[in-house]
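*Asks:* The chain contents come next:
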Amino acid sequence: MVTGKGGTGKTTVAAALALALADEGRRTLLVEVEGRQGIAQLFETQALPYEERKIAVAYGGGEVYALAIDAERALLDYLQMFYKLGSAGRALNKIGAIDFATTVAPGLRDVLLTGKACEAVRRRDRKGRRVYDAVVMDAPPTGRITRFLGVNDEVAGLAKIGPVHNQAQAVMRVLKSAETAVHLVTLLEEMPVQETVDGVAELRSAGLPVGSVVVNMTRPQLLDTAALDTAALDTAAGAAAGTGEVPVGTAEAAEAPLGAGGGARAGLAHALSRVGLGGDRPGGRADRLVEPLLRQGREYAERLALERAQRAEIDELGLPVYELGLLADGGDLAGLYALSADLRDQGVLK
Amino acid sequence: MTAHATSGRGGLADVPVLDVDGLLDDPETRIMVCCGAGGVGKTTTAAALGVRAAERGRRAVVLTIDPARRLAQSMGLTELDNTPRVVPGVGGEAGGELHAMMLDMKRTFDEIVEAHADEERARAILENPFYASLSAGFAGTQEYMAMEKLGQLRARDEWDLIIVDTPPSRSALDFLDAPKRLGSFLDGPFIRVLSGPAKAGGRAGMKFVHLGMAGLSMFTGALNKLLGAGLLRDVQTFVAAMDTMFGGFRTRADATYRLLQAPGTAFLVVAAPERDALREAAYFVERLAADQMPLAGLVLNRMHGSEVGLSAERALAAAENLEDGGIVDHVTGKGDLRGAGRSDVPRSDGAPPEDGSPEAHLTDPSPHAPDDSPTAHHHISSADHAGVPVSDPGDDNSDGAATTLLAAGLLRLHAERMRVLARELRTRDRFAALHPEVPVAEVAALPGDVHDLPGLRAIGARLADQPAGQAG
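Residue numbers (the working numbering), protein chains in the order written: chain H, 39 to 388; chain F, 235 to 706.
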């Protein structure tokens with residue numbers, strides 16, 4: 039189960055995970071439940087129908103199948119399975135009964151979606167082997183995941199006996215077993231991390247198995263800490279000297295006191311000048327690059343500090359953490375394969 | 235609302251600029267709706283617009299749906315009580331005022347029931363278990379109630395500007411569709427059938443006869459098991475109690491829809507410069523046009539900018555040079571491998587005449603000419619064990635190595651930012667090519683989240699301060 043706050047890229051991570059799990063000739067099923075056709079967009083294919091179809095081949099010959107579960111269709115299947123409705127089912131659909139049933143009771147939708155996924159998990163071929171080695175669900179967002187997965191507990195409580203009760207219990211057995219893991223996708227930003235922390239607490243108290251946290255869209259560190267400290271030092275010195283306010287190139291800038299900050303600035307201008315970026319005298323081209331470059335550095339340092347704080351919160355959860363780098367081109371199919379290789383290298387299959 | 239637009243912007247000559255202050259100052263603007271995909275900063279944008287409107291003298295109210303805790307606190311919203319509260323310290327000097335409220339959808343639904351049914355009947359409805367699940371969980375109830383609340387605020391006429399944040403829906407369009415869906419659901423044939431076949435009548439009733447009572451009882455039996463026995467009975471009593479209100483739901487949904495189409499309404503599509511968010515924004519723009527909703531423009535949040543006049547390629551080449559020992563990489567050597575950067579280097583070396591390459595040569599104590607630079611490069615890096623960057627020999631600064639590293643790091647950082655910037659511009663231009671008529675306001679990215687009034691003011695200022703947008 040892959041969940042996450044909106045905008046964190048949970049569909050991409052779910053797809054990358056399905057690809058990684060399809061390694062070495064295995065077969066996985068990637069399931070979508072929110073009717074957004076995100077999987078089709080990701081794999082650059084047409085909208086998925088309500089049937090399992092092969093969507094990608096993984097490294098080493100494994101296969102990824104995909105399924106977009108449609109709650110209305112799933113309800114008809116369900117009624118067919120337990121009550122042999124026949125053509126009456128279609129008539130019910132026509133007068134809006136199915137729509138009624140799936141929209142009016144939010145829980146019913148979730149029963150059908152989780153039920154269908156669990157059916158795929160348990161399905162076996164004629165030789166008794168599992169049809170899918172793994173099923174990956176692009177699940178509802180973090181805010182709704184616990185209710186979504188826990189809904190069968192409620193149903194099992196409502197329907198005390200009979201096929202519905204048995205079905206609900208079987209689904210819960212799968213979801214709470216060691217075979218299931220809920221992975222939470224987050225960014226190193228305040229709100230997604232807060233939702234992740236809350237989501238993990240909710241899942242744990244509902245007895246649902248939490249797998250890992252996937253930190254998505256991370257960026258490589260481009261400045262080391264010592265350099266950042268120097269930049270910070272320069273901020274203080276620069277502010278004290280008032281160089282930020284003085285228009286560069288004027289006499290005042292030229293005569294700016296050479297404190298620690300001034301020295302660092304001059305050194306930077308000199309370094310830039312040495313690699314052909316213009317003159318390093320005050321007001322020269324290299325010198326004029328220094329202040330805006332430092333400003334960018336300070337913004338970066340600020341963001342890095344925020345990210346560190348978020349990382350610390352994630353670490354406190356005591357879960358395995360995987361990191362996926364930001365895709366330079368906004369995520370195409372090649373990027374997806376790169377992400378899946380990255381997950382595999384980080385040991386997600388263990 | 236395109237009247238507020240001015241045109242002209244670097245690189246996008248024909249894309250009109252969204253004049254946010256013009257929109258906020260126009261007394262004809264009575265409702266602003268912020269919509270867009272999840273995670274693009276809708277709520278923050280709505281709040282920032284509210285603060286700016288009040289500080290420009292308007293009496294504004296912001297209706298938020300699900301704000302982040304700290305953002306809510308920044309506006310003094312500590313509880314979800316469904317009542318607009320004044321935000322202290324905003325707009326007083328300009329004669330404006332800001333109110334803010336968080337939507338409580340169940341409370342809003344309760345209020346509708348209480349307003350339209352006598353006391354006894356209202357109680358019967360509110361206590362009905364089916365009503366409880368409908369008011370808390372029906373897909374679209376939140377959207378319906380947001381629009382209902384908007385209608386109420388507008389009817390009170392206490393504010394001259396209402397700014398609405400839209401719910402984080404599965405689809406960003408849900409708030410346009412949900413009121414109708416809930417309305418037609420409650421007025422729909424199935425509910426009528428459930429409430430008693432006698433009432434069904436018409437075509438729905440005929441279908442029902444074809445279906446046969448056996449099918450229905452099987453279906454209701456199945457539903458009873460799935461949903462819990464008694465739910466359908468609850469639905470029937472609920473429908474009986476709500477009977478007088480049914481026509482009302484559809485009427486209200488229609489009224490809200492017309493309010494959104496009115497000329498005093500301005501839709502702002504909010505997006506981030508990412509492919510998916512802008513794809514959804516484009517879809518939204520098309521849908522608003524199809525529904526004849528007045529679109530004011532696109533707010534593009536989290537755009538990156540740079541005041542460093544240096545291309546990514548040049549910055550990267552310079553960073554590599556510094557890390558390799560600080561040799562000017564003129565024409566030959568590694569520059570050849572760097573492709574794009576190569577042609578750039580010699581040309582821009584002499585760009586500004588007053589500080590061009592002659593000076594660079596003067597200030598660099600290690601003598602070299604373009605053709606001998608590979609040799610020099612080799613010499614330096616063999617002296618420098620394992621390629622650890624060092625300052626050049628003539629540098630008497632003891633912090634030379636650290637400064638060189640810092641300079642290289644800053645250049646790499648800049649190169650990365652330029653790449654982000656280029657990607658964002660490409661994404662933006664793709665949208666602009668599809669919808670050249672939509673005015674755009676860009677908001678520069680902040681390093682962290684916004685959760686106080688100064689932060690909201692800063693966002694508001696960035697919204698209003700568009701390049702070439704001052705002519706508004």
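A portion of the hints provided could be inaccurate.
Cβ-to-Cβ under 8 Å is the rule here; a few derived chain H residues that face chain F [to be verified]:
id	residue
1	Lys43
2	Gln84
3	Pro87
4	Ala302
5	Leu306
6	Leu310
7	Leu327
8	Arg341
9	Leu355
10	Pro358
11	Val359
Simulated from the structure, these hints should not be mistaken for laboratory data. Don't be surprised by glycine CBs; every beta carbon is placed ideally from N, CA and C.
*Asks:* For each hint, tell me whether it holds in the structure or not.
*Replies:* A quick look at each hint next to the structure:
{"no.": "1", "hint": "Lys43", "verdict": "holds, 7 Å"}
{"no.": "2", "hint": "Gln84", "verdict": "violated, 16 Å"}
{"no.": "3", "hint": "Pro87", "verdict": "violated, 19 Å"}
{"no.": "4", "hint": "Ala302", "verdict": "holds, 7 Å"}
{"no.": "5", "hint": "Leu306", "verdict": "holds, 5 Å"}
{"no.": "6", "hint": "Leu310", "verdict": "holds, 6 Å"}
{"no.": "7", "hint": "Leu327", "verdict": "holds, 6 Å"}
{"no.": "8", "hint": "Arg341", "verdict": "holds, 4 Å"}
{"no.": "9", "hint": "Leu355", "verdict": "violated, 19 Å"}
{"no.": "10", "hint": "Pro358", "verdict": "violated, 25 Å"}
{"no.": "11", "hint": "Val359", "verdict": "violated, 21 Å"}
Checked against the numbered hints above, the structure violates hints 2, 3, 9, 10, 11; every other hint is satisfied.
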